[in-house]
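Participant: With chain A held as given, fit chain B onto it using these hints.
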Amino acid sequence: MALIEIRDMRKTYDSGEVQVHALRGVSLDIEVGESVAIMGASGSGKSTLMNILGCLDRPTGGSYLLAGEEVATLSRVRLAEVRNRTLGFVFQSFNLLARTSALENVELPLMYAGVPRKERHRRATAALERVGLGERVHHHPNQLSGGQRVAIARALVGEPRLILADEPTGNLDSRTSIEVIALFQDLVASGMTVVLVTHEPDIAEHAGRIVEIRDGLVRRDERREPKPARVRADEEGAQA
Amino acid sequence: MSLSQIFLVALRALLRNKMRSFLTTLGVIIGVGAVIAMTAIGAGAKARVEKTFESMGSNMLMVRSGASSRGGVRGGAGSQPSITWDDLEAIRTEVSAVRYAAPLLGTNAQVMAEGQNWATNVQGTTPDYFTITNWPASRGTLFDESDVAMGTKVAVLGQSVVDNLFGPFSEPIGQQVRINHVPFEVIGVAKTKGQMGHGDQDDVVFIPVSTFRAKLQGGLQQFIAGSIYVGAASQEATTRAEEEITSLLRGRHRIRRGAEDDFSVRNRAEFAAAQMEGAETMTSLLAGIALVSLLVGGIGIMNIMLVSVTERTREIGLRMAIGAKPLDILTQFMVEAVVLSIVGGLLGVAFGLGTASWLVARFEWPMLVQPEIVALAIGFSGFVGIAFGLWPALKASRLDPIQALRYE
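Those protein sequences? They're chains A and B, same order as listed. Counting in my numbering, the first sequence runs from 32 upward without gaps. Counting in my numbering, the second sequence runs from 1287 upward without gaps.
Derived from the structure by calculation, the hints contain no laboratory data. Yeah, the Cβ is synthetic: ideal placement off N, Cα and C, and Gly gets one too. Wrong hints could be hidden among the right ones.
[What the hints assert, rightly or not] Stretch-level coverage of chain A by chain B, calculated; a stretch enters the list once three of its residues show a Cβ under 8 Å from a Cβ in chain B:
| id | region |
| --- | --- |
| 1 | 110-118 |
| 2 | 122-129 |
| 3 | 138-148 |
| 4 | 218-230 |
Isolated chain B (complex conformation):
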């Protein structure tokens, strides 16, 4: 019997019980659909994290003061001030792999405009910070070195702050805002960056670091109460920059060999990797749940194939009597099971894509359909058909023709 012939026979047998065949494939449809939808959403989330980090610049390093440790009580990162302004200058000028280095000091402050006020994160920095983080202005201009040198009272607002103080369609450039009652002139709006982790990156106000130190920060001025953002000369130079900064700071801080650093140098790539890992874990967890439902679908197929073999015992007996070999019978039932599961897989892909795009439209989740996942899901549903169809098919092929013919 030719394969196309077997295929036709199988198709006809399945169409004889349309409702039953459909309900059987439903398990696979839902299973495959769930796999597709979950991985599409998971991959979308991962791609968004990836894109966010890419936009921040991958040759970026963060240098922070170390953790304090007194009497066994350890503070968090930066709790022990150790990085000085001289350190910043040394990093900028003495390390060959470093192209830019910018301080970033932050504080929460109430920002007031004409009719509105908004509590946000005010950051003092230098123009290099915008270069390192690849963050241009969408409107107006960023402040420059002369603003830093003269300590001018100018501010660059994040889009979220603009929305909250002036409204989304307003023109904030040239307006005045008060930060802790000190008046600043708005000279620019930073380009929208979007969500990152739990935080809104656009809910921020940037002012020159000198102004920040003079107007917003009190206390010790020798240490940098924040971080240093470092831009390496190239992505390849990032690791070298990390090593050179570490040895430079250890030398400057006179840390003995074997003792712990009193600062930390962090690589954005590490941070990105941690976030991506989170997204990936989530994806594989969801995909795992979806796979379980696909297996349940397979059990449904096995169940219905067993019913089908019992129902058609006489037919099997007849086919054997007129010359069907055990292999012919085996193939016939295997093809039926595989057709059920593959059709289920294809419908499941359609269902999964539909669900994913609905979720995208409804909740604005990002979605990324990976062709290899689609192929994998269809392939796996075929495998489910083979694995769960095998036993019923074997059972059919091993029937005794005499008993099968007499079966009532």
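Bound-form chain A, shown alone:
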């Protein structure tokens, strides 16, 4: 069974007189363990697709099965639970809480899941170790060049089924970008499903599948051999 099953998904924004059709019938299956790059120009509908995939928005038509559960018609409260349990988000601008330690930022999703303090602490530390920040749990993210790593740890910590990344390298220099992509590739290698939205072809080519959206429809969907993100092992720690 596919992790994501989208059938004929439509999203129409009704702004009074004009109806904007952002999605005009998208069908897409994503299997467990895939790495997918969703590409498209601005206004193509890729952000709308991303928001619906991330359970932040509901489609106006069609169906969306996430891990076998129909989420297209869930209430706001239930959607929040799905986001908390099943999804992990990585944003372009990190969206970390300022003046809050890396550890506490990573613990945040577990707090809303009601995980007890000790358990939360243990899992957040493990997640930070997994992204290579094990020794910097008490640093504040604005002291870290690896802000996006903290954000990835936060996405990982709830052991989600799917990680959604919205332009995760948009605010990073090329070197850090490669590090982040390498991190995503590690996650995929360990069986995690990663969907990222980007408009940069050289980022997309590191994914195993490229889906291109144009005018609210899927125009290209090809599986390919991902280009490995080359970061030498001896450099990795030094640049975090």
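Facilitator: What follows is chain B alone, placed relative to chain A:
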């Protein structure tokens, strides 16, 4: 999210803007402080009035001649002499609920001592008056029945008169004073009673009523140009005494059924109640003003919470994206508002108590802190936090996560 967790998050958010949080709570601090200080002072004033009346004896009645009414012009109480010395005797002997009855005649007179003189209120009465009003001597003795019977020229001075004629540390007993040029011997000093309303109760000289009538009062002697103080047998008997005196005097004065009394019987409790009501009105007026400032403090909290919600729109969006439910967001901002207002309330209590005790020390106002008012003030400030925090918190919880995340 557990409540203690929410509490910690709220506390941290508030401490992030220490100055702003403090200025916001200042409104509540001043509001609660004002409520505490005002009610403490108001209650203190009330307690003092209460104490004063208690010291006068609560089973006391005052009988006075009625008001004159001639051709539509009505005089004040006592302007129509109607109570006679025989009436006094009848009240004392014929009414079972009455234990004591004493006349009190007063006049203003110049009192002279060796080197000083002082205009004061000279009162002629009998020893029963001191019993009824529960007024002992602090030094020397009071005059007794034999002084009244013989019309001796002895005087009991109030402390204020002693201070003015002899000085506060003098020994007035045995000294001579002249009242309207008649020499009197000072035999006692009445115990200090303090202020009552606008008057100084200690600015008085007591002499036997017979001496008063012989030396100070001219004119008609048949009527009592003053009042009769009545001590009822007990506090419970006061009302009965009032009724019995009324019917006795109506009978003696031959007042027809339906006609008005030509005298008045007043109960000290009524008078006390009127004074207390005054004190209470003042207190609630002050407390009302203080409550308004507390409301203004609440508006300050609402204002800053709205600013905070706008500032942290992205944070709210993020929290929603990673799983915060609308209720989580609502609770977080509500707790922040309530923490602000409760902390303000607690600081306000400290501030109010400080202000009240300063006023007590500075102006010697009496103060009475009522624990229930303190609890009420803190509770009300919590309520202000809830009431004024609700709208900003609702606004935060209803944000659309997508728009919130994109907010710049």
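Participant: With reference to the structure, classify each hint as holding or not holding.
Facilitator: Going through the hints against the structure:
1. Counting residues of the region 110-118 of chain A whose beta carbon lies closer than 8 Å to any beta carbon of chain B gives 5, which meets the minimum of three for the stated coverage.
2. Taking a C-beta to C-beta cut-off of 8 Å, the region 122-129 of chain A contributes 3 residues in contact with chain B, enough for the three needed, and the coverage statement holds.
3. Residue count for the region 138-148 of chain A with a Cβ under 8 Å from a Cβ of chain B: 6. That meets the three needed, and the coverage hint holds.
4. Here's how the region 218-230 of chain A fares: 0 of its residues keep a CB closer than 8 Å to some CB of chain B, so the rule of at least three is not met and the hint is violated.
When the structure is compared with the earlier hints, a violation turns up for hint 4 alone.
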